[in-house]
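Guided by the hints, dock chain H onto chain D, whose structure is given.
So the sequences go chain by chain: D and H.
Counted from 1, the first sequence has number 78 at position 77 by my numbering; the numbering is strictly sequential.
Counted from 1, the second sequence has number 403 at position 170 by my numbering; the numbering is strictly sequential.
Take the hints with a grain of salt, since some may be wrong.
Said to hold, decoys possible - Restricting the straight-line Cα-Cα distance to at most 25 Å, the calculated cross-link-like pairs of lysine-lysine (DSS-like) are:
(1) H:LYS438 to D:LYS373
(2) D:LYS121 to D:LYS39
(3) D:LYS266 to H:LYS291
(4) D:LYS133 to H:LYS537
(5) H:LYS303 to H:LYS259
(6) H:LYS519 to D:LYS373
(7) D:LYS351 to H:LYS537
(8) H:LYS649 to D:LYS277
(9) H:LYS361 to H:LYS448
(10) D:LYS101 to D:LYS39
(11) H:LYS537 to D:LYS373
(12) H:LYS303 to H:LYS365
(13) H:LYS398 to H:LYS371
(14) D:LYS121 to D:LYS110
(15) D:LYS24 to D:LYS211
(16) D:LYS109 to D:LYS121
(17) D:LYS121 to D:LYS135
(18) D:LYS110 to D:LYS120
(19) H:LYS552 to D:LYS11
(20) H:LYS648 to H:LYS398
(21) H:LYS561 to D:LYS11
(22) H:LYS303 to H:LYS291
(23) H:LYS537 to D:LYS135
(24) H:LYS519 to H:LYS259
(25) H:LYS530 to H:LYS519
(26) H:LYS361 to H:LYS303
(27) D:LYS120 to D:LYS135
(28) H:LYS247 to H:LYS552
(29) H:LYS371 to H:LYS298
(30) D:LYS266 to H:LYS247
(31) D:LYS120 to D:LYS24
(32) D:LYS120 to D:LYS109
(33) H:LYS259 to H:LYS361
(34) D:LYS135 to D:LYS110
(35) H:LYS530 to D:LYS135
(36) H:LYS490 to H:LYS438
(37) H:LYS552 to D:LYS277
(38) D:LYS140 to D:LYS211
(39) D:LYS133 to H:LYS530
(40) D:LYS266 to D:LYS277
Since the hints were made in silico from the structure, they are not lab data.
Here the structure is a predicted model, which means the values were calculated and not measured.
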Amino acid sequence: MNFDFSDDQKLLRDQARKFLQDKCDRKSVRTILEDNQKNYDSDLWSQISELGWTGTAIPEEYGGLGLGMLELCVIAEELGRALAPTPFSSSIYIFAEFLKSYGTDEQKKKYLPLIASGKKIGTFALSETNGKPKPNNIKTQHTSGKLNGSKNPVSDGESADYIIVAANSDSNLNYNSLSLFIIDRNDSGVDISNLDTIDPTRPACTVDLKNVTCDRLGDEGSGWEMIDNIFNRAAVLFSFEQVGGAQVSLDEAKKYSLERFAFGKQIGAFQALKHKMADMYVKIELARSNAYYGAWALSTDSNELPIAAAGARVSASEAYNYASQENIQIHGGVGFTWEYDCHLFYRRSKLLSLNIGSIRQWKENLISNLEKRNIV
Amino acid sequence: MDFNDTPQEAEFRKKVRSFLEANAEKRSTLAAKPKGDSGSSISSAGAPETVKGEDAAKVALDNAKEWQRKKADAGFAAILWPKEFGGYGGTPIEQVIYAQEEHDYFVHSGYFEIGIGMLGPTMMSWGKDEDKKRFLPKMITGEEIWCQLFSEPSAGSDLAGIRMKAEKDGDEWVLNGQKVWTSGAHFADYGMIVARSDPTALKHKGLTYFYVDMKTPGIEAKPIKQISGSANFNEVFFNDVRIPDSQRIGAEGDGWKVSLTTLMNERLAVGDPPGLDFDQIFEASKEIEVEDGLAVKNSEVRQKMADWYIQSRGLQYTKYRSMTALSKGQTPGPELSISKLVTASKMQDVSSYALDLMDMSGMVHQDQNPILKNLFQNGYFFSAAMRIAGGTDEVLRNIIAERVLGLPQDERSDKKLPFNELPSGKN
Chain D
2 MNFDFSDDQK LLRDQARKFL QDKCDRKSVR TILEDNQKNY DSDLWSQISE LGWTGTAIPE
62 EYGGLGLGML ELCVIAEELG RALAPTPFSS SIYIFAEFLK SYGTDEQKKK YLPLIASGKK
122 IGTFALSETN GKPKPNNIKT QHTSGKLNGS KNPVSDGESA DYIIVAANSD SNLNYNSLSL
182 FIIDRNDSGV DISNLDTIDP TRPACTVDLK NVTCDRLGDE GSGWEMIDNI FNRAAVLFSF
242 EQVGGAQVSL DEAKKYSLER FAFGKQIGAF QALKHKMADM YVKIELARSN AYYGAWALST
302 DSNELPIAAA GARVSASEAY NYASQENIQI HGGVGFTWEY DCHLFYRRSK LLSLNIGSIR
362 QWKENLISNL EKRNIV
Chain H
234 MDFNDTPQEA EFRKKVRSFL EANAEKRSTL AAKPKGDSGS SISSAGAPET VKGEDAAKVA
294 LDNAKEWQRK KADAGFAAIL WPKEFGGYGG TPIEQVIYAQ EEHDYFVHSG YFEIGIGMLG
354 PTMMSWGKDE DKKRFLPKMI TGEEIWCQLF SEPSAGSDLA GIRMKAEKDG DEWVLNGQKV
414 WTSGAHFADY GMIVARSDPT ALKHKGLTYF YVDMKTPGIE AKPIKQISGS ANFNEVFFND
474 VRIPDSQRIG AEGDGWKVSL TTLMNERLAV GDPPGLDFDQ IFEASKEIEV EDGLAVKNSE
534 VRQKMADWYI QSRGLQYTKY RSMTALSKGQ TPGPELSISK LVTASKMQDV SSYALDLMDM
594 SGMVHQDQNP ILKNLFQNGY FFSAAMRIAG GTDEVLRNII AERVLGLPQD ERSDKKLPFN
654 ELPSGKN
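Just chain D, same shape as in the assembly (with noise of 0.2 Å):
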């Protein structure tokens, strides 16, 4: 049994923990909450694409450091945490995976190592409407190598130079008549506008699309399946940036809750707080351990991985949900000022449990999936 991470990866969460502690202070997030016309840190980017951080997971044939999806899951607690204001993971999580899994070689020759390097960021186009993505919601049409639709929201698109399309190549919507298509939003027929979100720090888009050239990724038609099994490995890695980000909630609770005196104590001795921490502890810990298994399945390519990422995203959005809301609660009424940190948390873990779908999708993708394998 060896269910850990290996020293080296630790020496890397370390490594990788006091530089954004450095370099990514809660200060230069708020500065991208507060600046409209920021999207991202772009210092901080660049200094993590020089790490190679954005470069961990992808081959070095391809620009990359060509470590494991371990080590990418050590960054994404780091990032988590860190609260860090980048389109990390809409362009390392979902579209260099996107090209790693689906590319031809081409494709990955000409996106990967400008992705691996940070000089260019991807992300995913998938939403059009309120409510789940699904076949006969998805309108935008591919017809005579064109996109024309409209995409909302996008995740980091407006920080984006590439964008991954799901479009129908037939007007008759259903499963199988969903492709992928890589587009430059630098392409004339691409316009941009910027969307609020509930964390500014990130942001999203509408991405309209008018007579797009494109070039599809993938096979005609698999873009469900493409969908799920790249969603299934975000979801993994996604599962490690909520917990790093529950585990400060915790941490900086506990700290107020020492620090803070009424009644005649510290509120931290009262059992009312002291229970609720506990409750905290163990919703952080059952989603540490079940991210940890999804890392597994991620890392080994199992045929585990839909189940294994979904109940690491479910365990992990819940427990970040929970320990940012009841972070808010023990601080009390600065909890829920601008000043304090605690809505920062509160409006990342928030956005982090809806970004490549709810709690209640991934709990059904989930039992199905589990449906499944018995049936296997």
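Coordinates of chain H only, in the frame set by chain D:
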């Protein structure tokens, strides 16, 4: 990351498997019961908390003793104990491996765990050599069963508040008072007891620890009928019970320290609580009809089941993290402290929700109940006890908050006064 055993661990697992294959019946995935077993399938076969009626109890005890003897002969009855007392002289990871493997078999248990897991180690740490030689080997073989006489009507979570009197009379001690919630006192041969030897000393200082022969005149065990209908716990009355000073374990006044040794072993001894988990309700949901068809296809049911799945597997993987530390010869982190807290409530939620799914038929609680043979009805009752036994939910949350998170201890008004000056509800 991998789930592989080291070569030594694999070797040990192989040994355990061949022993179990040759000597025990394998469980199916579903909680079906072996033939002729009248016990509940949520617990191990014929566990004392599930047996109803005196004849059944006698049969179950005989079966358990027979199984324990086999286990002891093969060396697996006390894996962590040194060989000189009949143990395996093994490592914690070997103990975990044995438990994992045994989990897949119907075996008789529930009689010897308190002795081997908690009381034996206490005797090893604090007892006299002649006592160790006399008692420990028979504890392992199951020839002698031990019980733990700790809790009292006025001292449960606050164990150090016990009132059982121990008065010295020459070379003897005279015990007077009452213990309660004593598992197995009605069939135990011996017990370990903590009593108040000096009421004028501070609460934690005036205690002394002994062992007693349960047949000593003046001891009377009365089973307490539980909400499940079975009676495994007892009230135990001590009426002028005279025992020699040689049965003292540890020094006079050191009873609290010795008790802590017993209690520290409790967490290890309790181990895997019995099933009734995601797997059982998932299976049941494929048999039960709700308003829109099979329960397993109902969206609300699926959402709920996902919650239990992540708790269940989250605990399993947490255990893997601890095992990893053990396997490397390190001390596991505090993460396993969440185990019983999560398990007990999950079992209560699962069973209560499953009864809901069964609708009117959920009311029926008899052995021929078609749906999983009373699994959820039994779990509904058993889980209520699990949330209390071995540390209530509230005590466990306090332990996590104080020992794991380092939050302040509760304010105590009982630490600075002699025991007989403490405020108390009853006098």
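Keeping to a limit of 25 Å between CA atoms, is the pair of D:LYS135 and D:LYS110 held or broken? Violated - the C-alpha atoms of D:LYS110 and D:LYS135 are around 31 Å apart, more than 25 Å.
Please work out if H:LYS649 and D:LYS277 have their alpha carbons no farther apart than 25 Å. violated, 29 Å
Could you grab the alpha-carbon distance between H:LYS438 and D:LYS373 and see if it respects the 25 Å cut-off? violated, 60 Å
Starting from D:LYS140, check that the Cα of D:LYS211 is at most 25 Å away, please. holds, 13 Å
Given the proposed pairing of H:LYS530 with D:LYS135, does the C-alpha separation stay at or below 25 Å? holds, 19 Å
Is H:LYS303 close enough to H:LYS365, meaning Cα to Cα at most 25 Å? holds, 22 Å
Measure nothing beyond the straight line between the CA atoms of D:LYS266 and H:LYS291; if it is 25 Å or shorter, mark the hint as holding. violated, 56 Å
Hey, H:LYS530 versus H:LYS519, does the alpha-carbon distance stay inside 25 Å? Given that 25 Å is the threshold and the Cα spacing comes to 8 Å, the pair holds.
For the pair supplied as a hint, D:LYS266 and D:LYS277, confirm whether the alpha-carbon distance does not exceed 25 Å. Holds. D:LYS266 to D:LYS277 sits at ~17 Å (cutoff 25 Å).
Hinted pair, alpha-carbon criterion (25 Å max): D:LYS110, D:LYS120. Please report holds or violated. Answer holds: D:LYS110 to D:LYS120 is near 14 Å, not above 25 Å.
Is H:LYS537 close enough to D:LYS135, meaning Cα to Cα at most 25 Å? holds, 23 Å
Restraint status (C-alpha distance of H:LYS361 to H:LYS448 at most 25 Å): holds, 22 Å
The structure does not agree with the numbered hints 1, 3, 8, 10, 13, 15, 17, 26, 27, 30, 33, 34 stated previously, though it agrees with the rest.
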